[in-house]
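*Asks:* Chains as they are written, first to last, in UniProt numbering: chain A, 1 to 392; chain B, 1 to 392.
Don't read these hints as lab results, they were simulated from the structure. Treat the hints with care, as some may be off.
With beta-carbon atoms standing in for the labels, derived distance ranges [what the hints assert, rightly or not]:
no. : chain 1 : residue 1 : chain 2 : residue 2 : range
1   : A       : Arg261    : B       : His154    : 39 to 47 Å
2   : A       : Asn29     : B       : Thr336    : 52 to 60 Å
3   : B       : Asp86     : A       : Gly38     : 31 to 39 Å
4   : B       : Gly10     : A       : Asn29     : 39 to 47 Å
5   : B       : Asp160    : A       : Asn29     : 33 to 41 Å
6   : B       : Ser8      : A       : Gln110    : 34 to 42 Å
7   : A       : Thr20     : B       : Ser8      : 26 to 34 Å
8   : A       : Gly152    : B       : Ser358    : 54 to 62 Å
9   : B       : Thr356    : A       : Asn29     : 44 to 52 Å
10  : A       : Gln110    : B       : Gly351    : 38 to 46 Å
11  : A       : Ala266    : B       : Gly351    : 28 to 36 Å
Only part of the chain B face toward chain A is listed, based on derived beta-carbon distances under 10 Å [claimed, not checked]:
no. : residue
12  : Ile109
13  : Pro136
14  : Gly142
15  : Ala163
16  : Gly167
17  : Leu168
18  : Val171
19  : Leu208
20  : Ile225
21  : Val312
22  : Asp319
23  : Gly359
24  : Val361
In this text, a Cβ means the ideal position worked out from N, Cα and C, and glycines have one as well.
There are 2 protein chains.
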Amino acid sequence: MLDQIRRSHGHSRVELADTTGLSAQTVSNIVQRLLDAGIVEEAGRTSSGRGKPRTTLRLVGSSRYAIGVHLDPGLITVVVLGIDGDVVSRHARATPTAQDPSDTVDVLIQDIEMVLTESGIDRTRIVGLGIAAPGPIDVHRGIVLDPPNLAGWHRVPLRDAIAAATGLPVVLEKDVTAAAVAEKWTDEADGAQNFAFLYLGTGLGVGLVIGDEVVRGGSGNAGEIGHIVVDPDGLPCACGLRGCIAVSCAPLPLIEEAERRGVIPAERPDDHPTGVDAAMTRLVALADAGDDGADELLRRCSEHVARALAVVSNLLDVDRIVMGGPLWDRVGQMFTDTIPARLDELRAARGVHPVTVSGTVLGSDVGAIGAACLILDEALTPRTTSLLVPSA
Amino acid sequence: MLDQIRRSHGHSRVELADTTGLSAQTVSNIVQRLLDAGIVEEAGRTSSGRGKPRTTLRLVGSSRYAIGVHLDPGLITVVVLGIDGDVVSRHARATPTAQDPSDTVDVLIQDIEMVLTESGIDRTRIVGLGIAAPGPIDVHRGIVLDPPNLAGWHRVPLRDAIAAATGLPVVLEKDVTAAAVAEKWTDEADGAQNFAFLYLGTGLGVGLVIGDEVVRGGSGNAGEIGHIVVDPDGLPCACGLRGCIAVSCAPLPLIEEAERRGVIPAERPDDHPTGVDAAMTRLVALADAGDDGADELLRRCSEHVARALAVVSNLLDVDRIVMGGPLWDRVGQMFTDTIPARLDELRAARGVHPVTVSGTVLGSDVGAIGAACLILDEALTPRTTSLLVPSA
Numbered sequence: 001m002l003d004q005i006r007r008s009h010g011h012s013r014v015e016l017a018d019t020t021g022l023s024a025q026t027v028s029n030i031v032q033r034l035l036d037a038g039i040v041e042e043a044g045r046t047s048s049g050r051g052k053p054r055t056t057l058r059l060v061g062s063s064r065y066a067i068g069v070h071l072d073p074g075l076i077t078v079v080v081l082g083i084d085g086d087v088v089s090r091h092a093r094a095t096p097t098a099q100d101p102s103d104t105v106d107v108l109i110q111d112i113e114m115v116l117t118e119s120g121i122d123r124t125r126i127v128g129l130g131i132a133a134p135g136p137i138d139v140h141r142g143i144v145l146d147p148p149n150l151a152g153w154h155r156v157p158l159r160d161a162i163a164a165a166t167g168l169p170v171v172l173e174k175d176v177t178a179a180a181v182a183e184k185w186t187d188e189a190d191g192a193q194n195f196a197f198l199y200l201g202t203g204l205g206v207g208l209v210i211g212d213e214v215v216r217g218g219s220g221n222a223g224e225i226g227h228i229v230v231d232p233d234g235l236p237c238a239c240g241l242r243g244c245i246a247v248s249c250a251p252l253p254l255i256e257e258a259e260r261r262g263v264i265p266a267e268r269p270d271d272h273p274t275g276v277d278a279a280m281t282r283l284v285a286l287a288d289a290g291d292d293g294a295d296e297l298l299r300r301c302s303e304h305v306a307r308a309l310a311v312v313s314n315l316l317d318v319d320r321i322v323m324g325g326p327l328w329d330r331v332g333q334m335f336t337d338t339i340p341a342r343l344d345e346l347r348a349a350r351g352v353h354p355v356t357v358s359g360t361v362l363g364s365d366v367g368a369i370g371a372a373c374l375i376l377d378e379a380l381t382p383r384t385t386s387l388l389v390p391s392a
Numbered sequence: 001m002l003d004q005i006r007r008s009h010g011h012s013r014v015e016l017a018d019t020t021g022l023s024a025q026t027v028s029n030i031v032q033r034l035l036d037a038g039i040v041e042e043a044g045r046t047s048s049g050r051g052k053p054r055t056t057l058r059l060v061g062s063s064r065y066a067i068g069v070h071l072d073p074g075l076i077t078v079v080v081l082g083i084d085g086d087v088v089s090r091h092a093r094a095t096p097t098a099q100d101p102s103d104t105v106d107v108l109i110q111d112i113e114m115v116l117t118e119s120g121i122d123r124t125r126i127v128g129l130g131i132a133a134p135g136p137i138d139v140h141r142g143i144v145l146d147p148p149n150l151a152g153w154h155r156v157p158l159r160d161a162i163a164a165a166t167g168l169p170v171v172l173e174k175d176v177t178a179a180a181v182a183e184k185w186t187d188e189a190d191g192a193q194n195f196a197f198l199y200l201g202t203g204l205g206v207g208l209v210i211g212d213e214v215v216r217g218g219s220g221n222a223g224e225i226g227h228i229v230v231d232p233d234g235l236p237c238a239c240g241l242r243g244c245i246a247v248s249c250a251p252l253p254l255i256e257e258a259e260r261r262g263v264i265p266a267e268r269p270d271d272h273p274t275g276v277d278a279a280m281t282r283l284v285a286l287a288d289a290g291d292d293g294a295d296e297l298l299r300r301c302s303e304h305v306a307r308a309l310a311v312v313s314n315l316l317d318v319d320r321i322v323m324g325g326p327l328w329d330r331v332g333q334m335f336t337d338t339i340p341a342r343l344d345e346l347r348a349a350r351g352v353h354p355v356t357v358s359g360t361v362l363g364s365d366v367g368a369i370g371a372a373c374l375i376l377d378e379a380l381t382p383r384t385t386s387l388l389v390p391s392a
């Protein structure tokens with residue numbers, strides 16, 4: 001019912017009874033409990049012209065909060081979301097170059113504490129913390145296994161470490177899935193959602209929502225696209241094939257190619273994602289300034305991405321593709337200009353069914369926001385209302 | 001409730017009330033209606049040791065039937081299924097070489113009539129007819145659009161043509177999706193199903209069941225895998241890439257390669273799927289007899305299939321892969337021997353989560369059986385019970 005109140009932007013008790021199928025008395029009782037707990041407030045009155053005016057309800061954003069943490073190999077982001085989904089506080093920083101995971105975990109914990117302190121939020125109002133991390137992960141045990149882009153990470157029990165340090169309930173989710181959760185949460189379209197979220201970060205991955213359900217897969221590791229071959233003329237890959245996304249259009253190989261071609265100077269001290277990210281910024285700036293070499297590389301990258309999205313679209317016949325993540329603010333314009341038409345040429349169902357391609361409105365915080373939405377989702381669904389509204 | 005009776009193999013009224021959540025009186029009323037209509041019968045009595053013995057119920061297979069038609073470019077299959085899912089009659093023949101779709105539609109109608117006549121089934125007991133056809137299709141209009149392997153077919157209104165000729169309610173579904181429906185229907189495993197069905201026919205495609213739901217996609221055209229690149233050293237493809245499945249390990253390119261290499265004689269008059277199928281039989285027989293050239297080609301094919309399945313597994317993190325279709329009786333042994341280990345090497349979640357690989361128990365009729373299951377599914381679900389049990 002809280003989810004209905006959130007999505008409706010002003011349902012009355014009568015409308016809630018209609019949409020939930022609960023009796024008027026049940027709705028009234030639950031609403032009273034929520035009003036008493038300060039989670040919902042009466043927002044005003046509407047009149048439909050007939051009958052008596054109805055009191056509309058809305059969530060009180062400041063009544064409960066969730067924390068979202070996104071551990072990208074290049075960027076650590078912490079957000080605090082109110083129960084209405086608004087971001088009330090955020091912090092982002094480059095992921096430490098240290099290869100000892102415990103140092104990075106300490107940084108995560110410091111950032112969480114700092115954001116909480118700065119926000120001034122009463123800790124008793126925080127219902128939980130979600131972490132988005134690169135896969136593969138062990139969802140049930142809350143362990144980050146051995147992500148190819150997180151050097152030195154091997155079977156790190158991240159969930160329990162954060163839970164012990166914060167005292168909060170913690171869930172761990174794959175980064176791309178968290179991004180899809182955020183997009184699903186934000187979208188207010190009617191009807192079942194059927195989309196792929198292309199996450200553009202240190203690695204490229206896809207979060208999936210099919211028939212309105214987030215696709216996690218049997219072990220929570222759905223969304224790996226790194227070994228889709230997008231360039232048969234490309235570089236050899238560790239998997240034994242050639243021209244996989246992982247060696248063709250992910251940021252590191254793209255920058256390495258730009259350096260080989262002399263488009264940008266080869267001056268990075270190592271392959272840490274932060275330096276790669278800075279080089280990406282430089283490459284995009286060059287292309288914007290009219291540099292043909294930079295422009296060609298970025299166009300080739302968008303062609304590769306279109307080919308990967310064609311594989312996903314042909315397999316799943318999605319209605320739309322949303323793109324986002326830390327790289328989006330730089331490659332968004334190029335991708336938006338070139339990918340839709342190219343994707344359509346490669347789609348088997350192009351004559352039957354359009355696919356819309358757009359950027360997320362959530363910006364580069366989408367992973368962290370999705371991680372927090374996981375907690376709010378739990379809090380807003382009936383089975384765990386107890387988490388949100390103490391029976392006392 | 002009928003679906004519960006079908007799956008349970010002997011629930012009593014009490015157990016039906018437990019599993020459906022309906023009241024004992026409601027269950028009793030519905031069961032009485034089904035008994036009166038002859039759709040359900042009392043199968044015996046069980047005693048749990050305490051309380052009075054319970055009367056178990058089962059479907060009467062001969063009470064209602066559904067027809068399933070599979071139009072594969074190489075093979076036309078018609079089956080009749082009883083409401084319990086048993087195949088009571090079947091017929092298969094090579095798809096006519098004529099390029100005029102109306103000739104093929106006439107053959108379909110003749111086959112349907114023949115199977116019905118031979119089975120001796122009372123036509124009033126047939127609740128509908130499902131058609132499985134190669135994509136792309138227009139599900140809503142019941143039109144076969146322009147499948148690459150069905151020469152001459154362009155926007156053929158197959159559903160309405162068959163409905164007009166038979167007087168039956170008809171649904172059209174993509175072949176690979178129908179195969180997944182059949183597999184889902186047959187499987188009696190507990191828990192949500194999460195699998196990919198690799199259909200091996202004139203073309204290769206994938207039917208998907210995710211979180212216990214059949215994935216149809218926004219336009220009913222999910223399951224296209226023809227342009228996944230499996231061989232970067234392979235032949236150029238019309239899509240602009242190289243080494244796509246469609247030009248690497250589908251039957252026609254495989255046979256063409258075998259002919260180029262002199263493994264089998266190049267004696268086919270044309271590329272019709274029937275001749276390709278016969279050449280496949282010959283190639284497999286040669287490999288079985290110890291011919292190294294034939295063995296190498298089939299091993300290469302299974303390697304390519306493993307690579308495509310890795311793309312599907314990595315994207316969706318499925319629990320199992322089932323393989324079947326017209327080619328399965330010949331390539332099954334090779335694929336079963338080689339694909340599981342190779343797939344595991346290529347899976348991102350290999351350390352977290354096993355994926356079982358097996359052949360369907362439904363044989364090469366799986367598409368036709370799935371098409372009939374679509375009708376039985378409709379008949380067995382509450383919203384369309386009216387279709388099955390006339391209120392008179």
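*Asks:* Against each hint, give a clear statement of whether it holds in the structure.
*Replies:* Outcome of the hint check:
{"no.": "1", "hint": "Arg261/A - His154/B: 39 to 47 Å", "verdict": "holds (45 Å)"}
{"no.": "2", "hint": "Asn29/A - Thr336/B: 52 to 60 Å", "verdict": "holds (58 Å)"}
{"no.": "3", "hint": "Asp86/B - Gly38/A: 31 to 39 Å", "verdict": "violated (60 Å)"}
{"no.": "4", "hint": "Gly10/B - Asn29/A: 39 to 47 Å", "verdict": "holds (42 Å)"}
{"no.": "5", "hint": "Asp160/B - Asn29/A: 33 to 41 Å", "verdict": "violated (52 Å)"}
{"no.": "6", "hint": "Ser8/B - Gln110/A: 34 to 42 Å", "verdict": "violated (56 Å)"}
{"no.": "7", "hint": "Thr20/A - Ser8/B: 26 to 34 Å", "verdict": "holds (31 Å)"}
{"no.": "8", "hint": "Gly152/A - Ser358/B: 54 to 62 Å", "verdict": "violated (38 Å)"}
{"no.": "9", "hint": "Thr356/B - Asn29/A: 44 to 52 Å", "verdict": "holds (48 Å)"}
{"no.": "10", "hint": "Gln110/A - Gly351/B: 38 to 46 Å", "verdict": "violated (31 Å)"}
{"no.": "11", "hint": "Ala266/A - Gly351/B: 28 to 36 Å", "verdict": "holds (35 Å)"}
{"no.": "12", "hint": "Ile109", "verdict": "violated (26 Å)"}
{"no.": "13", "hint": "Pro136", "verdict": "holds (5 Å)"}
{"no.": "14", "hint": "Gly142", "verdict": "violated (13 Å)"}
{"no.": "15", "hint": "Ala163", "verdict": "violated (21 Å)"}
{"no.": "16", "hint": "Gly167", "verdict": "violated (28 Å)"}
{"no.": "17", "hint": "Leu168", "verdict": "violated (25 Å)"}
{"no.": "18", "hint": "Val171", "verdict": "violated (17 Å)"}
{"no.": "19", "hint": "Leu208", "verdict": "holds (8 Å)"}
{"no.": "20", "hint": "Ile225", "verdict": "holds (6 Å)"}
{"no.": "21", "hint": "Val312", "verdict": "holds (7 Å)"}
{"no.": "22", "hint": "Asp319", "verdict": "holds (4 Å)"}
{"no.": "23", "hint": "Gly359", "verdict": "violated (20 Å)"}
{"no.": "24", "hint": "Val361", "verdict": "violated (21 Å)"}
When the structure is compared with the earlier hints, violations turn up for hints 3, 5, 6, 8, 10, 12, 14, 15, 16, 17, 18, 23, 24 and for no others.
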